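Q: What follows is each chain in one-letter form.
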Amino acid sequence: MIEVLAAGPYATVQDLGRPGLAHLGVPRSGAADAPSLRLANRLLGNPEGLAGIELTFGMARLLFHDGAWVALAGAPVDSAAGMGAPFWVAKGRELRLGMPEWGLRTYVAVRGGIAVEPVLGSRSTDSLSGLGPEPLRAGTLLPVGRPEGVISVDLAPPPGPRPAVLRVTPGPRDDWFVPDALAGLCARPYSVSQDSNRVGVRLSGAELVRAKEGELPSEGMVTGAIQVPPSGQPIVFLADHPPTGGYPVIGVVREADLPVAAQLRPGDEVRFTVRPAR
Amino acid sequence: MIRAVGEHGLLVETGSLELSHRLDAALRADRPAGVVEIVAGPRTVLIVAPRANHGRLRAHLAGVIAQERDKGDATSADAAVMTIPVVYDGADLESVAALAGISVDEVVSRHAAQELVVGWLGFAPGFAYLTGLDPVLETPRLDTPRTSVPAGSVAVAGPYSAVYPSASPGGWRLIGRTSVRVWDVTADPPSLFRPGVRVRFQPA
Chain P
798 MIEVLAAGPY ATVQDLGRPG LAHLGVPRSG AADAPSLRLA NRLLGNPEGL
848 AGIELTFGMA RLLFHDGAWV ALAGAPVDSA AGMGAPFWVA KGRELRLGMP
898 EWGLRTYVAV RGGIAVEPVL GSRSTDSLSG LGPEPLRAGT LLPVGRPEGV
948 ISVDLAPPPG PRPAVLRVTP GPRDDWFVPD ALAGLCARPY SVSQDSNRVG
998 VRLSGAELVR AKEGELPSEG MVTGAIQVPP SGQPIVFLAD HPPTGGYPVI
1048 GVVREADLPV AAQLRPGDEV RFTVRPAR
Chain H
1373 MIRAVGEHGL LVETGSLELS HRLDAALRAD RPAGVVEIVA GPRTVLIVAP
1423 RANHGRLRAH LAGVIAQERD KGDATSADAA VMTIPVVYDG ADLESVAALA
1473 GISVDEVVSR HAAQELVVGW LGFAPGFAYL TGLDPVLETP RLDTPRTSVP
1523 AGSVAVAGPY SAVYPSASPG GWRLIGRTSV RVWDVTADPP SLFRPGVRVR
1573 FQPA
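Protein sequence lines correspond, in order, to chains P and H.
798 is the number of the first residue of the first sequence in my numbering; add one for each residue after it.
1373 is the number of the first residue of the second sequence in my numbering; add one for each residue after it.
Warning: the hint list may mix true and false statements.
[As the list claims (entries may be wrong)] Cβ-Cβ distance ranges computed for the label pairs, FRET-style: (1) Ala1431/H <-> Arg858/P: 51 to 59 Å; (2) Asp1556/H <-> Gly889/P: 54 to 62 Å; (3) Pro986/P <-> Ala1485/H: 52 to 60 Å; (4) Arg943/P <-> Val1552/H: 37 to 45 Å; (5) Arg934/P <-> Ala1452/H: 43 to 51 Å; (6) Gly817/P <-> Thr1516/H: 35 to 43 Å; (7) Arg1428/H <-> Val947/P: 36 to 44 Å; (8) Glu1012/P <-> Arg1403/H: 24 to 32 Å; (9) Leu802/P <-> Ala1452/H: 50 to 58 Å.
[Said to hold, decoys possible] Among the chain H residues that face chain P by a calculated CB cut under 7 Å, a handful are: (10) Ile1374; (11) Val1377; (12) Gly1381; (13) Glu1385; (14) Ala1405; (15) Pro1497; (16) Gly1498; (17) Glu1510.
Hints listed in this document are in silico derivations from the structure and should not be mistaken for laboratory results.
Quick caveat, the model's predicted, so the values are computed rather than measured.
Glycine residues also receive a C-beta, built at the ideal position from the N, C-alpha and C atoms.
All chains should be built: construct the whole structure from the sequences, respecting the hints.
A: What follows is the structure in structure tokens.
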């Protein structure tokens, strides 16, 4: 059992989410920076999809009621242990994690995984719909699952911050905007707004001007979609995005760049570059 | 027309809810390899297939669309109708009647007379936009949404009706309540509603 002594600004349990239920109004959810959760699990010999803890801006304190192997990935936090390699936390010891040096979301994986009760096949907290476990707070007790397999990877060099550039595939609704809107999206950096969350990265910068008036009938949305509300300020959808939406999507961020988007902090600058569809 | 949605999505323009539902049903009955999500909307169907060959999938979709378009109107009529018993005692029943210029009894009879069809789901898990509402009952959403609407509340807003699947904030006008659990995370499937399901409300 792991006892949360402090959760930091926002911390949740996340696995790889609830794919396949969008038609029932269920967001995919799951780790915002999924490759980092997968890496932390691999370091421990866990299946990649086991649940871990997703910290936002670090600052957590976790008390281990039993000894456990732990690995950290994603935004590098100040800790006694270090990133990208498994380490042992002894029974009764506390793991203290500081503020990330860069990035936003840090993943704490435990050998055996966090074993809270799954909902619709996933242990993820969905911040939009409220499915899954409550966000962590002081006093939350997290059960740990039974380890399987062996720890076969001993080190993954932690990457540095990646350039905050998001490659975009145009469409499906770029034709709802004036012809040079995509060029405008890419011309100057946008700034990440304070009200960004697991639903999306809200941006402020050049206004994306619509060519078509009226309402777009609600349609299915994907992670990475750049949705443009009437304000003309884009939102990049992350893991907890609504499954359907009615604002036009000017482009979609490439999957490989979703972890970059998930690590953007309020105040960061980010650029877009267009990568045409194949 | 089929539009690319990023690297993994294809958005089929069906142009109608009816064709969206038929395409959705056909793809669910015979799911192409690699397809993870099929999301019907009022004029579109989104297909997400991360590991699939999209060239092949586009060709397959074009075939299914042509086939479903040619079928005419015959298909959905034989599907079963789901009956939802409703106690019509909602907090906004009188305001809906006043806005429509009819009696409360007529609101009830008009709401229960029409067969509705689940258009699509969104807003919250299990929240279905039911289409086919009697146009007389079309009313704007509340100016100030309620902070909490109980699960099972039956409501109208614009051209739609809905059953709140779980307690949530909401701005729709409440006309009644049902004891039917339309959303249950322990059930498989968790939602009674999915796109294309036909629904009739019945005064309880």
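Q: Indicate, hint by hint, whether the structure satisfies it.
A: For each hint, the structure was consulted:
For Ala1431/H paired with Arg858/P, a C-beta distance near 55 Å keeps the hint of 51 to 59 Å intact. At roughly 41 Å, the beta carbons of Asp1556/H and Gly889/P sit outside the given window of 54 to 62 Å. Between Pro986/P and Ala1485/H the beta carbon distance is about 56 Å. The supplied range of 52 to 60 Å therefore holds. Between Arg943/P and Val1552/H the Cβ separation comes to about 39 Å, which falls inside the hinted range of 37 to 45 Å.
The beta-carbon spacing between Arg934/P and Ala1452/H, approximately 45 Å, falls within the hinted interval of 43 to 51 Å. Taken as a hint, the range 35 to 43 Å holds for the pair Gly817/P and Thr1516/H, whose Cβ atoms sit roughly 36 Å apart. Checked against the hint of 36 to 44 Å, the pair Arg1428/H and Val947/P passes, with Cβ atoms roughly 39 Å apart. A hinted range of 24 to 32 Å for the beta carbons of Glu1012/P and Arg1403/H is consistent with their spacing of about 31 Å.
For the hinted restraint 50 to 58 Å between Leu802/P and Ala1452/H, the CB-CB distance of approximately 54 Å keeps it satisfied. Evaluation of the Ile1374/H hint against chain P yields a violated restraint, the C-beta minimum of about 9 Å exceeding 7 Å. Checking Val1377/H against chain P: minimum C-beta separation of about 5 Å stays under 7 Å; hint holds. A distance limit of 7 Å between C-beta atoms decides the matter here; for Gly1381/H the minimum to chain P is near 5 Å, and the interface restraint holds.
The interface hint given for Glu1385/H is broken, as the beta carbon of that residue sits about 9 Å from the closest beta carbon of chain P, more than 7 Å. Checking Ala1405/H against chain P: minimum C-beta separation of about 14 Å lies over 7 Å; hint violated. Given the 7 Å rule on beta carbons, the hint for Pro1497/H holds: about 5 Å separates it from the nearest Cβ of chain P. Against a cut-off of 7 Å between C-beta atoms, the interface hint on Gly1498/H holds, since the closest Cβ of chain P lies about 6 Å away.
With a cut of 7 Å, the hint placing Glu1510/H at the interface with chain P is violated, because the nearest CB-to-CB distance is about 16 Å.
Hints 2, 10, 13, 14, 17, counting from the list given before, are not met by this structure.
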